[in-house]
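Novice: Can you build the whole structure from these sequences, using the hints too?
Heads up: the sequence lines are chains S and E, in that order. The first sequence lines up with residues 1 to 600 when you count with this note's numbering. The second sequence lines up with residues 1 to 600 when you count with this note's numbering.
These are computed hints drawn from the structure, not numbers from a lab. Please note that a few of the clues may not be correct.
You can't tell identical chains apart in this list, so a pair holds if it fits in one copy or across any two.
Taking lysine-lysine and the DSS-like style, the derived pairs with C-alpha atoms no more than 27 Å apart in a straight line are [stated by the list, open to error]:
#1 Lys21 / Lys462
#2 Lys21 / Lys228
#3 Lys328 / Lys228
#4 Lys462 / Lys259
#5 Lys7 / Lys177
#6 Lys328 / Lys259
#7 Lys179 / Lys7
#8 Lys146 / Lys182
Protein chains: 2
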Amino acid sequence: MYTAPLKDIQFVLNHVADINKVTAAINRQDDITPDLVDAVLTEAGKLAADVIAPTNHTGDQTGSRHHEDGRVTTPAGFAEAYQAMAEGGWTAMDAAEEYGGQNMPMVVSSMVNEIWQSANMAFALCHLLTQGQVYALQKSASEEQKNLYLPPMLEGRWTGTMNLTEPQAGTDLAAIKTKAVKTESDALGTHYRISGQKIYITYGEHDMAENIIHLVLARTPDAPEGVKGISVFIVPKFLVNADGSLGERNDVHCVSIEKKLGIKGSPTAVLSYGDNEGAVGYLVGEENRGLEIMFGMMNHARFSVGLQGLAVSERALQQAIGYAMDRKQGTPLGGQSGDAIINHPDVLRIITTMKAEIEAMRALAAVGGAAMDLAHGGAEADRAFWDERAALLVPIIKGWLTERSLAVTSLGVQVHGGMGFIEETGAAQHYRDARILPIYEGTTAIQANDLVFRKTLRDEGKAVFTFLDEIDAEMITLAGNDHPVVASAAMAVTDALADARLAINHILSSANDPRRSAVSGSNYVMLMGYLAGGWLMARSAAKAAEQLEADGADENFLNAKLVTADSYMGHALPQVMALARSILAGDDAVLAMRPDWLQG
Amino acid sequence: MYTAPLKDIQFVLNHVADINKVTAAINRQDDITPDLVDAVLTEAGKLAADVIAPTNHTGDQTGSRHHEDGRVTTPAGFAEAYQAMAEGGWTAMDAAEEYGGQNMPMVVSSMVNEIWQSANMAFALCHLLTQGQVYALQKSASEEQKNLYLPPMLEGRWTGTMNLTEPQAGTDLAAIKTKAVKTESDALGTHYRISGQKIYITYGEHDMAENIIHLVLARTPDAPEGVKGISVFIVPKFLVNADGSLGERNDVHCVSIEKKLGIKGSPTAVLSYGDNEGAVGYLVGEENRGLEIMFGMMNHARFSVGLQGLAVSERALQQAIGYAMDRKQGTPLGGQSGDAIINHPDVLRIITTMKAEIEAMRALAAVGGAAMDLAHGGAEADRAFWDERAALLVPIIKGWLTERSLAVTSLGVQVHGGMGFIEETGAAQHYRDARILPIYEGTTAIQANDLVFRKTLRDEGKAVFTFLDEIDAEMITLAGNDHPVVASAAMAVTDALADARLAINHILSSANDPRRSAVSGSNYVMLMGYLAGGWLMARSAAKAAEQLEADGADENFLNAKLVTADSYMGHALPQVMALARSILAGDDAVLAMRPDWLQG
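Specialist: Below is the structure:
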């Protein structure tokens, strides 16, 4: 049971992320019209609800299966759902038109991607990874490679994977050992023979597409040590002839798939390269520049995982609302016997605070997508600004949305009481599924290091203080708003800004001792997330109050927006203050702990 | 891999909960000697580590199994482990001596119970439930019933269950429908025929003991409606002859067991009573007084579940420390290649903050256990005071320890990175297992209602303000401590007390609108937990600083205690401020949400 939250999405696009300004700035106002956006979202919502969402719970129960011959079968309905996405043109949404893509701005595609991920996160991961590879190839592959590999992926006939991790090389890619030896042949041209083992390869083997294109990090024999000696290769499951038809099976095989806590519908493969003659791979870009190429797509991939945090939270919320509207238990205070449990004050609190945080997440994601659109396609003079802004927002979006998805899905379980602990109900699945999100595509600590060192210390706080000043200015305006919820929200955010500035100055002042800055990083990510959420919820409240004045206003919807904003200020925003306190007081305390004191 | 944290437990007992004062006050100083306590904890630690802990992961993988004939088999090793507990006399620890018990004070038995629950929570649940029933029968059953049923349970030959929930009656016990019809026979004496269905019956059927004694809530035909018409019955799986030998199989059968998110080793049964002639049951106490009897053991049971929150957190911490000491990945800032990941500042932060919260949990549990001992066995003149104190602490201990166990076990997963998401590692199991704790034995909302309505509004805040004044007085003394960590901890707690008072006064001032008080309840429980944790961590720091002055002091251990206290003040205590803000600003916001606005 899933219904795409189209009204919320439209509200965020039109009133919080200001899509019309974005499409004007990137000169797309003529093709990305309100009607088109409306149609896109509506159709995505239908496909998600009718075809994809029904596979979510069953996919979790069955899981993907690995067979002795190396095949992997996905749960019932997955292949059909992917086929349906392909037929609807959805697999082509984000890519450039010259390869068959639809070149949709990210501010729109982010909202569509939320819908797929809510419908079935384990399933939609395949699309997410394929999009990531399409993005990387568009940016870094040769024209010949793009023409050969991109169209079938955009048509949904082939899918893509990212092969980074090895048992000894997870967060630390410098430790990669997979080998790539250059060679030539008449049939294959210049290519490399790849050998080694890759782990945690999402959709590394499956039965949803004709071919799988692996993007693989490996080392040539004479490469320098560490991260400067890593190259990236295209390694197709089936070799691809010059005319695009499939050739021989390549020497890459799925050894096993992992037994995971969640996203069980998705196969997480251990891939063995080069058991025989070596897998045939083709270099992307230049040798030893692999990490740069991967980093080029990192913002995109991290943003996508942040969206998953929003998506699984939304799905958990819908399930919790459904249950709370239906389940009767006890007589709510001030209510009547037979009233559903939504009328119990604590259940109402849980659901209202879930909804408030989810709306803040969605607003921040849309604003982040818009920043990326402006960075790539906005006026030349503004691109550097938006590039900096997007770079600042991405670790916050990835870190905050995914960490909070743990809490939101946990609250979803809590609403169900004992039924939440029974797998049949489905609430527990969201809780399990979400747990991967603060881990993959860079753990929260990695986002934190990015935010602290690259995005804050490197420019001595310039980008982040510019961002805070903008929020400040907007809040000064909103503090004079006639609607009391808007005015008090603006004042709450202004208070939070002061706490945030103290915390950031503390981090800047400890720049000469990077271990202190690093200790505060995760709390800093969370602080910025809560603050940015507050900023956009205040804006959301102001827009709702404004629209309430219009004739024929959707009063219930807009009043609910004011309530969620108010509730955000009361229940989520105070975390800025607490986290600032932790940053100010907590770094020395932690670093005083000696690891050898921890055992015995 | 589990090692009982004996040094921490001893420190808490001797220096935080002041066990010598407790045993003196209850006149047990001669039998509960330091040597005895030491021996008890050491032996429990051995049994837990050697026999019980190894069944934890395998038990999760296998799960309990239901067979067509109604039998339930527990995972390999469970029956042997229960046998070992029985042989060691551990199943008799808490009960009165006249029935074969050891009459151990709760301040000690709580620490022993932490050890069992850490070793294998799914397994130790059987003991927890049996203890609960022993407690209830001791308090409310007839002498004849006690003599018949208690000894075999204390010998570990029989186990006990609590049968409250029915599909329509979870939190709301007023809705119970199970029937009990009074009758007589020569063979069975005065008894009742019980019929109905009970769900969520932990260890409702299993193969670890000869007999299972169900304590069942049911209604007699002429009983008043609602909670005033509920009676409680002893319903043995096998009827018990007057000489204690087993008679016929009773008419109660296990229909199925649940497929759960966690604690999979424990069977959660659906029990059907009276499929044939009606199950034979014996009334405990008087008719229609069942809920009172159950409430008489409620503090005990809720406290025990709070301990499970501590226990699973400790187990997750030990696993995380083990992994972080062993795993190498990247070069930590300021460290060297080959250093384990514990040296990464964010990993050190996670583990230090986990450890700090766990120490606070343990201290609060021990102090809560001591309060219950003093309430039952202290000087007559003081019992009312300690009874009130225990009644205040129990919902805080149940609510805070279990809610925080979700966060702590989640952090344990995070330390493992990608490996944390793979079930083989075991970190995910703790995360899954913990999720039941804020649900069963009264959800956090139920603890919150108890704390708000019965423990705060009813006496207009007298008990809670008395508690806060005590903390205040202690902090005033500690603020003058020579050790800077102690002094600053005391000042931090003093600040937090001011926030707590504001929040409580706000709740008191909204007493005329109980929906507002109820909205704040869960945040109030959490606020009080963080505050009480801060109180005891400040005390812990003071004691550690004092002992550091002694000759031959265990410097590493005591310095670590100072670090965890300091870290608690920086990373956990600021939540008091944030939660106070939520209580002050967040109740009206939530109640403004209309349930019908949540759909569409």
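Novice: With reference to the structure, classify each hint as holding or not holding.
Specialist: Results for each hint:
no.	hint	result
1	Lys21 / Lys462	within (25 Å within a copy, 58 Å between copies)
2	Lys21 / Lys228	neither (41 Å within a copy, 65 Å between copies)
3	Lys328 / Lys228	between (61 Å within a copy, 20 Å between copies)
4	Lys462 / Lys259	neither (45 Å within a copy, 53 Å between copies)
5	Lys7 / Lys177	neither (49 Å within a copy, 43 Å between copies)
6	Lys328 / Lys259	between (37 Å within a copy, 23 Å between copies)
7	Lys179 / Lys7	neither (51 Å within a copy, 49 Å between copies)
8	Lys146 / Lys182	within (21 Å within a copy, 82 Å between copies)
Taken one by one, the earlier hints fail for this structure at numbers 2, 4, 5 and 7, listed in ascending order.
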